[in-house]
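Enquirer: Protein chains in written order, with the working numbering: chain B, 1 to 450; chain Y, 1 to 450.
These are computed hints drawn from the structure, not numbers from a lab.
The model shown is predicted, which means the values in this text are computed figures rather than measured ones.
Treat each hint with caution, since some may be false.
Claimed, not checked - With a Cα cut of at most 30 Å, we get these calculated BS3-like pairs of lysine-lysine:
no. : chain 1 : residue 1 : chain 2 : residue 2
1   : B       : K213      : Y       : K237
2   : B       : K237      : Y       : K303
3   : Y       : K157      : Y       : K409
4   : B       : K388      : B       : K344
5   : Y       : K388      : B       : K213
2 protein chains.
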Amino acid sequence: MNRRGHLLLGCLVVWLWVTGNVVATDPLPSWNDTLPKQAVVAFVQNVTQQGKAGFVPVSDRIAVFDNDGTLWAEQPMYFQAMFVLDRIRLIAPEHPQWQTEEPFASVLKGDMKAAFAGGEHALLQMLMATHAGTTTEEFEQMVLEWTQQARHPKTGKLLTDMVYQPMLELLQYLRDNLFKVYIVSGGGIEFMRPWTERVYGIPPEQVIGSSIKTRFEIRDGNPVIVRLPELNFIDDKAGKPAAIQHHIGRRPLLAVGNSDGDLQMMQWTAAGSGPRFCLYLHHTDAQREWAYDRNSHVGRLDKGLTEAVAKGWTVVSMKDDWRTVWPEASAEPADTVKPSLVGKWLVEDIRGAGVLDRLQTTLQIEADGAVSGNTGVNQYCGQAIIDKNQIKFGPLVSTRRAGPEAAMKQESQYTKALEETASHRLDSNGQLHLLDNEGKIVLKFSRMND
Amino acid sequence: MNRRGHLLLGCLVVWLWVTGNVVATDPLPSWNDTLPKQAVVAFVQNVTQQGKAGFVPVSDRIAVFDNDGTLWAEQPMYFQAMFVLDRIRLIAPEHPQWQTEEPFASVLKGDMKAAFAGGEHALLQMLMATHAGTTTEEFEQMVLEWTQQARHPKTGKLLTDMVYQPMLELLQYLRDNLFKVYIVSGGGIEFMRPWTERVYGIPPEQVIGSSIKTRFEIRDGNPVIVRLPELNFIDDKAGKPAAIQHHIGRRPLLAVGNSDGDLQMMQWTAAGSGPRFCLYLHHTDAQREWAYDRNSHVGRLDKGLTEAVAKGWTVVSMKDDWRTVWPEASAEPADTVKPSLVGKWLVEDIRGAGVLDRLQTTLQIEADGAVSGNTGVNQYCGQAIIDKNQIKFGPLVSTRRAGPEAAMKQESQYTKALEETASHRLDSNGQLHLLDNEGKIVLKFSRMND
Numbered sequence: 001m002n003r004r005g006h007l008l009l010g011c012l013v014v015w016l017w018v019t020g021n022v023v024a025t026d027p028l029p030s031w032n033d034t035l036p037k038q039a040v041v042a043f044v045q046n047v048t049q050q051g052k053a054g055f056v057p058v059s060d061r062i063a064v065f066d067n068d069g070t071l072w073a074e075q076p077m078y079f080q081a082m083f084v085l086d087r088i089r090l091i092a093p094e095h096p097q098w099q100t101e102e103p104f105a106s107v108l109k110g111d112m113k114a115a116f117a118g119g120e121h122a123l124l125q126m127l128m129a130t131h132a133g134t135t136t137e138e139f140e141q142m143v144l145e146w147t148q149q150a151r152h153p154k155t156g157k158l159l160t161d162m163v164y165q166p167m168l169e170l171l172q173y174l175r176d177n178l179f180k181v182y183i184v185s186g187g188g189i190e191f192m193r194p195w196t197e198r199v200y201g202i203p204p205e206q207v208i209g210s211s212i213k214t215r216f217e218i219r220d221g222n223p224v225i226v227r228l229p230e231l232n233f234i235d236d237k238a239g240k241p242a243a244i245q246h247h248i249g250r251r252p253l254l255a256v257g258n259s260d261g262d263l264q265m266m267q268w269t270a271a272g273s274g275p276r277f278c279l280y281l282h283h284t285d286a287q288r289e290w291a292y293d294r295n296s297h298v299g300r301l302d303k304g305l306t307e308a309v310a311k312g313w314t315v316v317s318m319k320d321d322w323r324t325v326w327p328e329a330s331a332e333p334a335d336t337v338k339p340s341l342v343g344k345w346l347v348e349d350i351r352g353a354g355v356l357d358r359l360q361t362t363l364q365i366e367a368d369g370a371v372s373g374n375t376g377v378n379q380y381c382g383q384a385i386i387d388k389n390q391i392k393f394g395p396l397v398s399t400r401r402a403g404p405e406a407a408m409k410q411e412s413q414y415t416k417a418l419e420e421t422a423s424h425r426l427d428s429n430g431q432l433h434l435l436d437n438e439g440k441i442v443l444k445f446s447r448m449n450d
Numbered sequence: 001m002n003r004r005g006h007l008l009l010g011c012l013v014v015w016l017w018v019t020g021n022v023v024a025t026d027p028l029p030s031w032n033d034t035l036p037k038q039a040v041v042a043f044v045q046n047v048t049q050q051g052k053a054g055f056v057p058v059s060d061r062i063a064v065f066d067n068d069g070t071l072w073a074e075q076p077m078y079f080q081a082m083f084v085l086d087r088i089r090l091i092a093p094e095h096p097q098w099q100t101e102e103p104f105a106s107v108l109k110g111d112m113k114a115a116f117a118g119g120e121h122a123l124l125q126m127l128m129a130t131h132a133g134t135t136t137e138e139f140e141q142m143v144l145e146w147t148q149q150a151r152h153p154k155t156g157k158l159l160t161d162m163v164y165q166p167m168l169e170l171l172q173y174l175r176d177n178l179f180k181v182y183i184v185s186g187g188g189i190e191f192m193r194p195w196t197e198r199v200y201g202i203p204p205e206q207v208i209g210s211s212i213k214t215r216f217e218i219r220d221g222n223p224v225i226v227r228l229p230e231l232n233f234i235d236d237k238a239g240k241p242a243a244i245q246h247h248i249g250r251r252p253l254l255a256v257g258n259s260d261g262d263l264q265m266m267q268w269t270a271a272g273s274g275p276r277f278c279l280y281l282h283h284t285d286a287q288r289e290w291a292y293d294r295n296s297h298v299g300r301l302d303k304g305l306t307e308a309v310a311k312g313w314t315v316v317s318m319k320d321d322w323r324t325v326w327p328e329a330s331a332e333p334a335d336t337v338k339p340s341l342v343g344k345w346l347v348e349d350i351r352g353a354g355v356l357d358r359l360q361t362t363l364q365i366e367a368d369g370a371v372s373g374n375t376g377v378n379q380y381c382g383q384a385i386i387d388k389n390q391i392k393f394g395p396l397v398s399t400r401r402a403g404p405e406a407a408m409k410q411e412s413q414y415t416k417a418l419e420e421t422a423s424h425r426l427d428s429n430g431q432l433h434l435l436d437n438e439g440k441i442v443l444k445f446s447r448m449n450d
């Protein structure tokens, strides 16, 4: 529909609304018709309908949502921690000292317990190694590329599909009632912004989170903002109301969270004058999601649950109060890959033109479709979608080192060949052939010993 | 108009817009039809009209405006500095040590040169003494009360009337074209928020500024955010693009400023892809406002002017490019007060019931209508509007100490009497009588020796 069509439709909608000729549809179809849904609908009606006791002008309709465990899942670990680990593995070739330096050595060996044994210091080291040192635009690009292929270790879904359908509906319901909806998360502010508008409909200027310091500078005549390896603000617990005041300057009308990290934000919200609404999501659904609360190492809900009950805040039991948990579109099963494909492969030929002898170009395929390797110059990784003989490489992320001209040329031919790949076959010698959509062989690999 | 009426009107406007049956009116009537106006209108049309080469979707239409010297005046000193000085004078009775402690002693003696001689350290001391130590809500209230009566030392206008009419029109023109307009100022973020929506139509969540640190805590069961005497962020020069990224997370399309403090914000804006617009306001109008640039101690425009010319940014000469400078409503002349009223007065009687002997309640009236005094318990100040025999006390701000019950009772009777005052007269003995709107005497004063 063109712009004019949109406007005319918008006009029609306004007219229908004003004249009341609209059949009411359920704004929260994924919620069971239990107390939490009734409470939230009653609250929204109370503050938005002129003449109601609690009517609140549009400019004061501020809603704040936690992210991890509230809008998307947070098990078995915060998704941002997966970004940190993926990124360490990706850029490890640029940091040979990491092979022996903790916590990186443990990450590279896959020993997460040892990696996190260093506590807060180790965490900060990993955070800064993966979040600082780039410009804001480079970091945005990294996050964007990562979210396009990062999948959940248990469900195999894209992480950005591990969002709660009932919460997507609640966000939309509030926006339809002219609320301005913010994320207020302990997660990194610039880690969220690249994808929150696409996934939640929440624009970057309505995302509040933890941050590191930055510095504006002119590089070769080009202004950039550089991300520095120094913490700026932790947007958790007592930090949340302070950040809300700093970014918004108004007290929220409605706060939604799932852990003790959200308690102060709720206290601040609840203490405002007039009607206020606090909602805790309680993870009670081991079948469809996870069940955890007072003793969880991630997203602990202990003091918050006690206070919510004492103060009569709304507590949503995922198991009992949500009809569905996940958006329908993401119900696709995770890919599983033929065992014969899994392993490490060495490129022998690119489009019949051979390869440079001195350059090892590799491709490693995991059982879940994760791919990684080295072009001979740069490390790369990503996700392949594999279905029988079909194989399609999703967006690949790569380090950005420059090499000799011939090597760069081969790298470019190799990545182009991967992009053009449509199917695969294993020949009688055990070689892996990748073919384009015309059936021509674009890449030949031999299996490497592990 | 009720809500339904608003919606129907909105619908009509949309329809008229779509069908094009609207007579165009000049969106910038206070601008002369010179190059700057033509440039800004051409830019806005280019980025907002579908089909134009530079069309930009609504979500990316971000505009940033400096405040001091860009939206309101900044001479003879930043208005926030006037707040600092007023506040020091107001709360001085609570800090007897300030009589001898610099920089406060000099402020109280009216020696501003000596007060600022201590440089940055003295400035910080004054800033923290007046900006920290309260809750965010208390501070908001202080600022609100101050802006209701703070007047400009030269023009006598309310400071919030010392705003530029052409800029008010530009803000509205941008909003009409679906820009989201932000303030990005070196001024205090919480110093601006209480009044920017009323004065500029810019809501608190679109105000970015310098800040001190805060702390959330529960006081007697009530959650508060406390303002701490520690700098958090200076939103000036290279701080501005960093703050824009932190608060908005998008690069602006349009930046407006008036000093070297805005240069980096402009560089950051100009370096974005596609069409961008930078506008410098050059203070060239000694007659209607002030003329200053490369050598000014406030709002210096030196490097910025050079770069603007070199890069072809738009430079507005206030003298040449603005038809009018100030909003019409504020064209009222400053009040001048009869010399016979000016001076310090002692309360002798409140509504015929006498006064407590041991309590001195005083009223000082300045030539510009400023009033101050002591209730016997608390220091207060504010502004009186005086016209011939009419006298009306504007909102008075006051310290909040508690005294003995009888003293508090008298204080309350005194302030109530001031509120009810409608006129004054001087009797034959030189006593000052204040009368309510029924002509009854509510207060009698005798003149005190200076």
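Enquirer: For each hint, tell me whether it holds in the structure or not.
Expert: Structure-based check of all given hints:
As the CA atoms of K213 (chain B) and K237 (chain Y) are separated by approximately 16 Å, the hinted pair is consistent with the 30 Å bound. For the suggested pair K237 (chain B) and K303 (chain Y), the alpha carbons sit about 43 Å apart, so the restraint of at most 30 Å is broken. Distance check on the hinted pair: K157 (chain Y) and K409 (chain Y) sit about 34 Å apart at the alpha-carbon level, beyond 30 Å; violated. At roughly 19 Å between alpha-carbon atoms, K388 (chain B) and K344 (chain B) fall within 30 Å of each other, so this suggested pair holds.
Among the hinted pairs, K388 (chain Y) with K213 (chain B) is inconsistent with the structure: their alpha-carbon atoms are about 58 Å apart, more than 30 Å.
When held up to the earlier numbered hints, the structure conflicts with 2, 3 and 5 and fits the remainder.
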